[in-house]
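Enquirer: Chain order of the listed sequences is A and B. Okay, so the first sequence: first residue is 1 according to our numbering, each after it adds one. Okay, so the second sequence: first residue is 358 according to our numbering, each after it adds one.
Simulated from the structure, these hints should not be mistaken for laboratory data. Keep in mind that the hints are not guaranteed to be accurate.
Stated by the list, open to error - Calculated lysine-lysine pairs in the DSS-like style (CA-CA distance at most 30 Å, straight line):
1) A:LYS64 with A:LYS16
2) B:LYS455 with B:LYS691
3) A:LYS334 with B:LYS612
4) A:LYS334 with A:LYS98
5) B:LYS373 with B:LYS612
6) B:LYS691 with A:LYS255
What the hints assert, rightly or not - Have a look at the derived ranges for each label pair, beta carbon to beta carbon:
7) B:LYS612 with A:LYS334: 18 to 28 Å
8) A:SER307 with B:LYS455: 54 to 64 Å
9) B:ASP661 with A:GLY212: 33 to 43 Å
10) B:ASN662 with A:ARG351: 18 to 28 Å
11) A:GLN214 with B:ASN662: 28 to 38 Å
12) A:ASP248 with B:SER549: 51 to 61 Å
13) A:SER307 with B:ASP661: 29 to 39 Å
14) B:HIS617 with A:GLN200: 49 to 59 Å
15) A:SER192 with B:GLY569: 25 to 35 Å
16) B:GLY569 with A:ARG264: 20 to 30 Å
17) A:GLN200 with B:ASP661: 56 to 66 Å
Where a beta carbon is used, it is the ideal one built from N, C-alpha and C, also for glycine.
2 protein chains.
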Amino acid sequence: MDDLYRSPLLPWLSPKGPEGDVVISSRVRLARDFDRMPFPDRADTNQLAAVKKTVSALLPAIEKSTGQVFDLVDMDSIPPMEREVLCVKHLASPSLIKQPEHRAVCISDDRCTSIMINEEDHLRIACMEAGLELERSLQRAFQIDDVLEARINMAFDEKLGYLTSWPTNLGTGLRASVVMHLPGLAFTDNISSIINISPQLGLSVNGLYTDGHQVIGNMFRVANRLTLGFTEEEIVSNMRDAVQEIVDQERRARKALELHDRLRLEDRVWRAYGEMRFARRMNSGDALALMSKLRLGVDLGIVDNLSAEFFSELLIVNREDYLKNLAGNEELPKEEIYQLRAEIVREALQRYALPQR
Amino acid sequence: MDDLYRSPLLPWLSPKGPEGDVVISSRVRLARDFDRMPFPDRADTNQLAAVKKTVSALLPAIEKSTGQVFDLVDMDSIPPMEREVLCVKHLASPSLIKQPEHRAVCISDDRCTSIMINEEDHLRIACMEAGLELERSLQRAFQIDDVLEARINMAFDEKLGYLTSWPTNLGTGLRASVVMHLPGLAFTDNISSIINISPQLGLSVNGLYTDGHQVIGNMFRVANRLTLGFTEEEIVSNMRDAVQEIVDQERRARKALELHDRLRLEDRVWRAYGEMRFARRMNSGDALALMSKLRLGVDLGIVDNLSAEFFSELLIVNREDYLKNLAGNEELPKEEIYQLRAEIVREALQRYALPQR
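Chain A with its partners taken away, still in its complex shape (with noise of 0.2 Å):
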């Protein structure tokens, strides 16, 4: 596998999942807290070092059961900006890594599963798939819990469900999202109905990236809003139907402006491409903004000479934690960041280019 740190690379995030031009990615994430044990924020020291023992011995069950080889990362032993990158890859949280003393994460050789231990809950369990695929993000997100529920007593009241350290949480533990990119619904101004609509149907949508009041890169997170009341294949279930109506309401989005307003159309998503090849100096907002236009035009064919791979690669690249990595410079000036990140983007660019037809 690919170096944790170093590498950008993440099989969850490729183009060719179900639903790929538009479902970046789902995930499932389970909270399941020990029982007779304070949440992580009260618990003192021996008892966080006793949850991480209990877990990590049940490590081999794990591989065992998943097929998959894991490590286990202890966060106080790793420098903050590789915290930073596990971050960036959504493989630990902001929440772990704020008090690394005995907090651990497991990291699948697929990068695709994380358990968290000690975060907000004692464990949180946490599948990505590429594309649409709530369905197996949550059936690998169960094997993991039958394996831990079977040598844990995990904290369950008969009529709550599962007892979490966030109200929020309570019941199933379950948080079920997924990473949708709507430039078409952007670009014809009817994200707004999207977002207004969501709650009826039980989901939060928001961008992924905003610059405080916009969203930039026309990326949102679909989410769950509720956990109690329903199974987990309930939740899921109901959700796949509603990712999958926004899915369709995209698709005709695109069609009408190839339809429509198609030069308009190929001239964003060239002049994106033009500025990606030959930018000498790049903002965060900038590149995705750009990456988002480009992405669009490689799913629609008008650009046919580019792999959809340079957008997986880049969302992780553009993220100012990573580059930081990568340069071995924590205090890296910010001119240098914008100017790391034009670079990349140009190499990506030329890397991920296709024979020309």
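Chain A is already provided as a structure; the job is to place chain B on it using the hints.
Expert: Here is chain B on its own, set in the frame of chain A:
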């Protein structure tokens, strides 16, 4: 010589003139009117015809004196689109083509001299040169004027000088102007100081292209305000000095950009290149803004794989009327104009590419 209506090339737009990195072109124009003959807007058909006939008959003498061959183009003998092309190329003026009957222009074979007949004055002699070459332009205009004045009685008053249809031309009938490219002053926000000081220098400074509010493309026309009270040589010499001062300021501004903002400058230049290489649709203002950035990059050696000649050609090609004539369709829809412009810009960048060092 290239086709007058189909070729965008004009030697006086070449980047190779003196101070050609900042001064695009120089122009001297003399206004002359026949004595005891109403100005063209008050002259009757017979009078206009007589003026045209007299001047036409003197063309052989002008050719002999200048060593240039002249084409006499009757405005009512060419289609409206071709009249517009002559305006785009600054060889005719909108006033000349408004009422084409009995209006004509004599154009030298090198396209650097134009003698308009029955424009606002009976005669407008214009001589263009690449770069800062006002003296030579004046000499060439005098050469033609000498031939004409030896054979025609011009309206002249001992005290006022030449009498012209507009009082602003009284005296010398001279308008000297240069077109300057000032991206350095523009990007360092120093344009307004040039514009503010220009009246004290006896100059007018105006954006060559504006969108009604803002100057587009960082090109400015600098012209004399006074035509009375100085000799032609004094006017031209004063103006040359003032222009040289602006040239020096522009070069200092470019140096400052290179020194203090190199990365941002390179980024601007190369993104402009990228957009121009790949755009599919381009309006006129967009093209001018991109051309200006790229030309600056070529002049500063940031872009070393492109000849500055691209700029000279695109200055003409960019104009809507030129594109309509090229497409052979006076009613060419806006979207097709945008598309054609982008095609030609893309193609020009490839044609003017230099072998990479």
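Enquirer: Keeping to a limit of 30 Å between CA atoms, is the pair of LYS373 (chain B) and LYS612 (chain B) held or broken?
Expert: It holds: about 21 Å lies between the C-alpha atoms, which stays within 30 Å.
Enquirer: LYS64 (chain A) and LYS16 (chain A): Cα distance at most 30 Å?
Expert: holds (28 Å)
Enquirer: Just tell me: holds or violated, for the beta carbon distance of ASN662 (chain B) and ARG351 (chain A) against 18 to 28 Å?
Expert: holds (22 Å)
Enquirer: A range of 29 to 39 Å was offered for this pair. Does it hold for the Cβ distance of SER307 (chain A) and ASP661 (chain B)?
Expert: Cβ of SER307 (chain A) to Cβ of ASP661 (chain B): about 30 Å, so the range 29 to 39 Å holds.
Enquirer: Tell me if the beta carbons of ASP248 (chain A) and SER549 (chain B) are separated by a distance inside 51 to 61 Å.
Expert: With a Cβ separation near 53 Å, ASP248 (chain A) and SER549 (chain B) satisfy 51 to 61 Å, so the hint holds.
Enquirer: In this structure, is the beta-carbon distance linking HIS617 (chain B) and GLN200 (chain A) contained in 49 to 59 Å?
Expert: This hint holds: roughly 54 Å between Cβ atoms.
Enquirer: Just to be careful, I want the Cα atoms of LYS455 (chain B) and LYS691 (chain B) compared with a cutoff of 30 Å; is the pair within it?
Expert: Status holds; Cα separation ~23 Å.
Enquirer: Taking the Cβ atom of GLY569 (chain B) and the Cβ atom of ARG264 (chain A), is their distance within the range 20 to 30 Å?
Expert: holds (23 Å)
Enquirer: Quick one: are LYS612 (chain B) and LYS334 (chain A) within 18 to 28 Å, going by C-beta?
Expert: holds (24 Å)
Enquirer: Is it true that the CA of LYS691 (chain B) sits at most 30 Å from the CA of LYS255 (chain A)?
Expert: holds (23 Å)
Enquirer: Is the straight-line distance between the alpha-carbon of LYS334 (chain A) and that of LYS98 (chain A) 30 Å or less?
Expert: Roughly 23 Å between the alpha carbons, so the hint for LYS334 (chain A) and LYS98 (chain A) holds.
Enquirer: For the pair SER192 (chain A) and GLY569 (chain B), does the Cβ-Cβ distance stay inside 25 to 35 Å?
Expert: holds (32 Å)
Checked against the numbered hints above, the structure breaks none of them.
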